[in-house]
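> Kindly generate the complete structure, drawing on both the sequences and the hints.
For the sequence shown, position 86 (counting from the first letter as 1) is numbered 88 according to the numbering used here, and the numbering increases by one without interruption.
Keep in mind the hints are simulated off the structure, nothing from the lab. Glycine included, every Cβ here is placed at the ideal spot set by N, Cα and C. One thing to keep in mind: the hints can contain errors.
Said to hold, decoys possible - With a Cα cut of at most 20 Å, we get these calculated SDA-like pairs of lysine to any residue: (1) K108 x N21; (2) K108 x T19; (3) K108 x T88; (4) K142 x D114; (5) K28 x A38; (6) K117 x N21; (7) K142 x G46; (8) K12 x A48; (9) K33 x E62.
To be verified - Label pairs and their calculated CB-CB ranges: (10) D153 x G4: 17 to 25 Å; (11) A181 x E83: 16 to 24 Å; (12) Q115 x Y92: 20 to 28 Å; (13) T89 x L190: 38 to 46 Å; (14) D37 x T89: 20 to 28 Å; (15) E83 x Y35: 42 to 50 Å; (16) L17 x L81: 30 to 38 Å; (17) W7 x H131: 15 to 23 Å; (18) S189 x Y92: 35 to 43 Å.
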Amino acid sequence: MGQQWYEDGKLLNKLNTFNDFIDVTKTLVAKGYCDASRVFAMGGSAGGLLVGAVINQAPELYKGVVAQVPFVDVVTTMLDESIPLTTGEYDEWGNPNDKVYYDYIKQYSPYDQVKAQDYPHMLVTTGLHDSQVQYWEPAKWVAKLREMKTDDHQLLLYTDMDSGHGGKSGRFKAYEDIALEYAFILSLA
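Listed below in structure tokens is the structure:
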């Protein structure tokens, strides 16, 4: 789709990213490519932000979600320059020390947009040694979701005590992560 499409989905255009994802989901269902009652979304790190923002906007579109080491407290993280990726990510998200960006980021930051509504089933994973999305960020998000959500859907938090941002090291350990995610999805399909 090209560089312009990418540019149209960052900084003060970031909401386009979430709207595009929702539009694609609706189109897949409308064209009969999938059953509306069996749509799942999965994303990790910044893709976890995508999934988190989308389920705040249109939770009814998804049966379940897997959010792997999700970057979900965008405002707080982007205000903390001690976190390794923060200042390098200003080109993507904007610098929330500038009120224009602070207000815009707050519109989509998954943690800040949690509200009293039904959410899909969720598996959220994190790693204790993650230096990019510290384990407390997904944990804090899950706690707020548990407090606010109005449904009785599963909301599972899995913290791997030995992994970092990229998951477990070693081929068989990585397969364990994949098996956990697929077991969650298949249990609901």
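> It remains to establish, for every hint, whether it holds in the given structure.
Against the structure, the hints:
1. Restraint check: the Cα-Cα separation between K108 and N21 comes to about 16 Å, which is no more than 20 Å; the hinted pair holds.
2. A distance of roughly 15 Å separates the Cα atoms of K108 and T19; the hinted pair therefore holds under the 20 Å criterion.
3. With a C-alpha separation of about 16 Å, the suggested pairing of K108 with T88 holds against the 20 Å cut-off.
4. With a CA separation close to 11 Å, the supplied pair K142 and D114 stays within the 20 Å bound.
5. For the proposed pair K28 and A38, the alpha carbon gap of about 9 Å is at most 20 Å, so the pair holds.
6. Taken as a hint, the K117 and N21 pair is honoured in the structure, with Cα atoms around 18 Å apart against an allowance of 20 Å.
7. About 17 Å separates the Cα atoms of K142 and G46, which keeps this hinted pair within 20 Å; it holds.
8. For the hint linking K12 to A48, the alpha-carbon distance of about 12 Å falls within 20 Å, and the restraint holds.
9. Distance hint between K33 and E62 is fulfilled; the C-alpha atoms sit about 18 Å from each other, no more than 20 Å.
10. Take D153 and G4: their Cβ atoms lie about 39 Å apart, and the range 17 to 25 Å is violated.
11. Range check, A181 to E83: Cβ separation about 37 Å, and the 16 to 24 Å hint is violated.
12. Q115 and Y92 have their C-beta atoms about 21 Å apart, which keeps the hinted 20 to 28 Å range intact.
13. Taking the beta carbon of each, T89 and L190 are about 39 Å apart, inside 38 to 46 Å as hinted.
14. Against the hinted window of 20 to 28 Å, the Cβ-Cβ separation of D37 and T89 comes to about 44 Å, which falls outside the hint.
15. Between E83 and Y35 the beta carbons are some 43 Å apart, a value that agrees with the proposed interval 42 to 50 Å.
16. Separation of L17 from L81 is about 20 Å and departs from the stated range, judged on CB atoms against 30 to 38 Å.
17. W7 and H131 have their C-beta atoms about 35 Å apart, which leaves the hinted 15 to 23 Å range violated.
18. Range check, S189 to Y92: about 40 Å between beta-carbon atoms, so the 35 to 43 Å window is met.
Hint compliance for this structure: hints 10, 11, 14, 16 and 17 are not met, and every other hint is.
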